[in-house]
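*Asks:* Assembling the complex is the task here: the two chains are given apart, and the hints tell you how they should meet.
Residue numbers (my numbering), protein chains in the order written: chain C, 1 to 234; chain W, 1 to 107.
Don't read these hints as lab results, they were simulated from the structure. Quick reminder that beta carbons are idealized off the backbone N, C-alpha and C, glycines included. Check the hints yourself; a few may be wrong.
As the list claims (entries may be wrong) - Cβ pair distances, simulated, as ranges:
(1) Arg73/C - Gln42/W: 41 to 49 Å
(2) Leu13/W - Glu207/C: 43 to 51 Å
(3) Pro166/C - Val104/W: 41 to 49 Å
(4) Arg20/W - Arg82/C: 26 to 34 Å
(5) Ser19/W - Arg82/C: 26 to 34 Å
(6) Thr128/C - Thr7/W: 23 to 31 Å
Stated by the list, open to error - Computed footprint of chain C on chain W, listed as stretches where at least three residues anywhere in the stretch have a Cβ under 8 Å from a Cβ of chain C:
(7) 6-12
(8) 15-28
(9) 75-83
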Amino acid sequence: MTVPAPRLAADSVVRRFGARVVLNAAYVDLMPGLVTALVGVSGSGKTTLLEILVGRLRPHGGQVRWDGTRVPRPTHAALARRGMIYAPDRGWLSTRLPVGRLLELAARMRGGDWRAGARASGIEALLTRRSPSLSTGEQRLCELALARTCRPEALVLDEPFRGLEPLHREAVGRLLVSLAREGTAVLFADHDARMVLQVADRVFAIEDGRTRPVPEFRERPVVEWYRGWAGLQG
Amino acid sequence: MTTDRLTAVRAWLASPLFSRQAVDFALLWLVLKGANAMAAAQVGLTPLGFRPGAEAGALAFEWFALLVFMRRAREDVLLANLGLGVPVVLLPFALLHILLSAVVAVL
Numbered sequence: 001m002t003v004p005a006p007r008l009a010a011d012s013v014v015r016r017f018g019a020r021v022v023l024n025a026a027y028v029d030l031m032p033g034l035v036t037a038l039v040g041v042s043g044s045g046k047t048t049l050l051e052i053l054v055g056r057l058r059p060h061g062g063q064v065r066w067d068g069t070r071v072p073r074p075t076h077a078a079l080a081r082r083g084m085i086y087a088p089d090r091g092w093l094s095t096r097l098p099v100g101r102l103l104e105l106a107a108r109m110r111g112g113d114w115r116a117g118a119r120a121s122g123i124e125a126l127l128t129r130r131s132p133s134l135s136t137g138e139q140r141l142c143e144l145a146l147a148r149t150c151r152p153e154a155l156v157l158d159e160p161f162r163g164l165e166p167l168h169r170e171a172v173g174r175l176l177v178s179l180a181r182e183g184t185a186v187l188f189a190d191h192d193a194r195m196v197l198q199v200a201d202r203v204f205a206i207e208d209g210r211t212r213p214v215p216e217f218r219e220r221p222v223v224e225w226y227r228g229w230a231g232l233q234g
Numbered sequence: 001m002t003t004d005r006l007t008a009v010r011a012w013l014a015s016p017l018f019s020r021q022a023v024d025f026a027l028l029w030l031v032l033k034g035a036n037a038m039a040a041a042q043v044g045l046t047p048l049g050f051r052p053g054a055e056a057g058a059l060a061f062e063w064f065a066l067l068v069f070m071r072r073a074r075e076d077v078l079l080a081n082l083g084l085g086v087p088v089v090l091l092p093f094a095l096l097h098i099l100l101s102a103v104v105a106v107l
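So that you can see chain W by itself, here it is in the shape it has in the complex (with noise of 0.2 Å):
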């Protein structure tokens, strides 16, 4: 990643509009969390546990729901105005993901 990439991504995360798109996140996190939960429970499984197949399930229709939103709030066009394409958006969201089912998972 170039210098260049580095202090628009860091810009980008230190912004509200980076705020904003991890809220909207969270929540599509935490729906999916709940449905898995529900699903894991019913087959007798640990509703929170980290299972890497569900985990990646939920991740990829977070990320497309989220990419949805951001069309919808024009914002597609203007991070990659502002050199950021969707690889380099949708990667922090994955680190986020990974962390809040961590986290659950701990608890």
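Isolated chain C, as found in the complex (with noise of 0.2 Å):
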């Protein structure tokens, strides 16, 4: 049996800021169906390592990959019209437009049907809203509703859970769970352990500028397993 390629992977990355190297030979990937996480301390890399991934960041070495094929100028844009979608933490909903008329423009422009995505995201009420008149968490419901519709094959996001409270976190992790069941690769960096165990499929940990998969980590309990992580002591 042939095991199926990462939908998008990014291999063997190094990346320096000045003197400091925050990545070496570091490696991610999402597969189709699966809630991948990426967890580590502040300042781990994690962000440097999903913008490289996303072709936002230039790598010093390493590559990434889509299908198993190498990206010759991996962009941004360029991995979006593959199918690729990035939720920085900042957000990415434009706050001079409608959160429907954003809805309809991705719709327009990737395919999609908008009204399903914002069905899904139980986003109705919200379509007349600006960004900057809602919550975190609406911000992150309607990004989810703004994936949706653009159909895509992996999304990658950068911290989905910070400042969220409880009700909207649990309807993003949902959502998340229910994206990757129907087909697409789910990344995500996080420091929530407790989304992380309840969300992913696999864990990749980050320490030092290296990765490494953490297939035990729902056999030891969160608190364990957190300060594993974390390089914590007692």
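*Replies:* Shown next as structure tokens:
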């Protein structure tokens, strides 16, 4: 039986900022139908690795692969045309147009069904509002509706649970799982160990610029596991 | 340019998002044109004439400011997610700059 190639992968990634090596042969990938989590302490290089993976930052070494084939010039827009969506922690809803207009635009540009996206995210009541008038949780739900409208093959999110109240956290988690079960390859980086446990099918930890898979992440108590990857004692 | 990308560009150009970006850009053009006109008048040149060097300098500044505005409005990631890279996004504004400057020069 052959193992399918990851939808999107960053392999052997090296990135320096000045003399500091932030990523040293780091690896992360997304598999269709699964939710993958990337965990690590603040400053460990999670965002840097995601930005290289989605083509927003150039690595000093390594490569980005789509369906097992190296992408020669992996820019964000080029990867998006293959079916990738990136949701940075600062958000990606335009502040100038109501959410409904943004969904319509995405549907015209990418051919998706924006009403289905809005329905699935439960944001019908928010369609006439602009992002500055929405709570962080509502913005995340709208972003996921926008992502769904684009019919993504791969969805990469940076700290999607940060600053969310419990109800929105649960809703965002459910939407990520439902997108994955529809075939999307989902990857998110976050500090929220409980949401990682609740949502992720697989986990990569990043430490000292290197990543490693954490196959045992469900078998150890949350706190112990959290301390394990965070390098904390006791 | 692929059909997919052409479809995306057409949809963006026909959208209210582009209209608002074009208004921002036109205001930037107006400010830069005013500054260039004053500088030209001081050295005895036609204030609203089309001078390629000055136009290129103004366009570079307008592009930079537009990208800052887009980033502040979170539209850089949005447009990239919709398949439009920075060069594709900037191109229509170059045409708009040339059109506006040419019309003013002729008038």
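*Asks:* Among all the numbered hints in the text so far, which are the ones the structure does not match?
*Replies:* Hint 3 contradicted; others consistent.
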